[in-house]
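S.K.: Please model the complete structure; the sequences and the hints are all you need to start from.
There are 2 protein chains.
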Amino acid sequence: MYRDQPSPDELAAMQEAVDRALLAKNQSGKAGIAAAILRGGVKIGRGENEVNLQSDPTKHAEMVALTEAAHALGHSDLSGCVMISTLQPCEMCLAAMRFAGIERVIFGATQDKVAAKYFMFPGLSIADFQAAGKPFEAIGGQFEAELLPLYIDGEE
Amino acid sequence: MYRDQPSPDELAAMQEAVDRALLAKNQSGKAGIAAAILRGGVKIGRGENEVNLQSDPTKHAEMVALTEAAHALGHSDLSGCVMISTLQPCEMCLAAMRFAGIERVIFGATQDKVAAKYFMFPGLSIADFQAAGKPFEAIGGQFEAELLPLYIDGEE
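Chain order of the listed sequences is A and B. Residue numbers for the first sequence follow the working numbering, so the first one is 8 and each next one is one higher. Residue numbers for the second sequence follow the working numbering, so the first one is 8 and each next one is one higher.
Be aware that a few hints might be false.
Each pair may be met inside one copy or between any two copies, as identical chains are not told apart.
As the list claims (entries may be wrong) - When the alpha-carbon atoms are kept at most 30 Å apart in a straight line, the in silico DSBU-like pairs for lysine-lysine are as follows:
1) Lys37 x Lys50
2) Lys37 x Lys141
3) Lys50 x Lys141
4) Lys50 x Lys124
5) Lys141 x Lys124
6) Lys120 x Lys141
7) Lys50 x Lys32
8) Lys120 x Lys32
9) Lys37 x Lys120
10) Lys124 x Lys32
To be clear, the hints were calculated from the coordinates, so they are not data collected in a lab.
M.R.: Encoded structure:
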């Protein structure tokens, strides 16, 4: 992990996700978390956390983006795509993206710097979600100066 | 884990899920996996695996059932509910149900007896998805005689 750097396309997608996260934070019912899926540098899915908006515990930003990207492609296999997220993906989202065949994730705020509520299993880390025999690159800490104020709040 | 037995309501819901899984297996685009959510013994959500049907990698049977249950309640908190599934829930679904507050799952076929493709991370087991400080009961092996033939196939 952390062996590579984001590409210009990935950095541009991170910046756009940061803008959406900051906007979403001030919108009723939305949490300030945003994600995107890139394929060949092109954005094919976007999502924001809509758990409260949709009354659906599965609607994390990354999950919404996975659904949109798969619909865009017409199939559930997202091999070769890249996940972009403003916050280190939780255990549900990490498992979901790995099942979909995604092997690279670029994210903003890292687990060790944000409120514990964003993760469910203190005994697990992102390293536990590397499937045997398949590569997985995770590059965190992007745009943290803008993003950390969104996620340091420990209140439920 | 495994310290309790299923209640009559839970066994009835398992039987109904088994029937749906066997039916779904023969329907175009559906995988033979079925789930339900109970609250106070009453079914408030159901789901079947619709990954191929919806072209969406997030639509495991348990996720579809979580969404339906949360919509029925009008909020994303499913504390006190019970997850029923014909197959041991994968890592995504385990994380999703725990985030939703579910602390009890009754399931059919267990990971050690089915094809590896149903799970993503060989290094993780259901015990890893017990969050610190919160109870989690998992009772597997229900109706395995009927269910194992659905899940022993190792083909992709």
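S.K.: Next, verify each hint and record whether it holds.
M.R.: How the hints compare with the structure:
1. Lys37 x Lys50: both (22 Å within a copy, 29 Å between copies)
2. Lys37 x Lys141: between (34 Å within a copy, 27 Å between copies)
3. Lys50 x Lys141: This pair counts as within: shortest intra-copy Cα distance 24 Å, inter-copy 39 Å.
4. Lys50 x Lys124: both (29 Å within a copy, 29 Å between copies)
5. Lys141 x Lys124: Both ways: lysine 141 and lysine 124 sit 29 Å apart in one copy and 13 Å across, limit 30 Å.
6. Lys120 x Lys141: Cα proximity of lysine 120 and lysine 141: in one copy and across copies (28 Å, 23 Å).
7. Lys50 x Lys32: within (22 Å within a copy, 34 Å between copies)
8. Lys120 x Lys32: within (19 Å within a copy, 45 Å between copies)
9. Lys37 x Lys120: Only inside one copy: lysine 37 and lysine 120 sit 22 Å apart there, 41 Å across copies, limit 30 Å.
10. Lys124 x Lys32: within (17 Å within a copy, 38 Å between copies)
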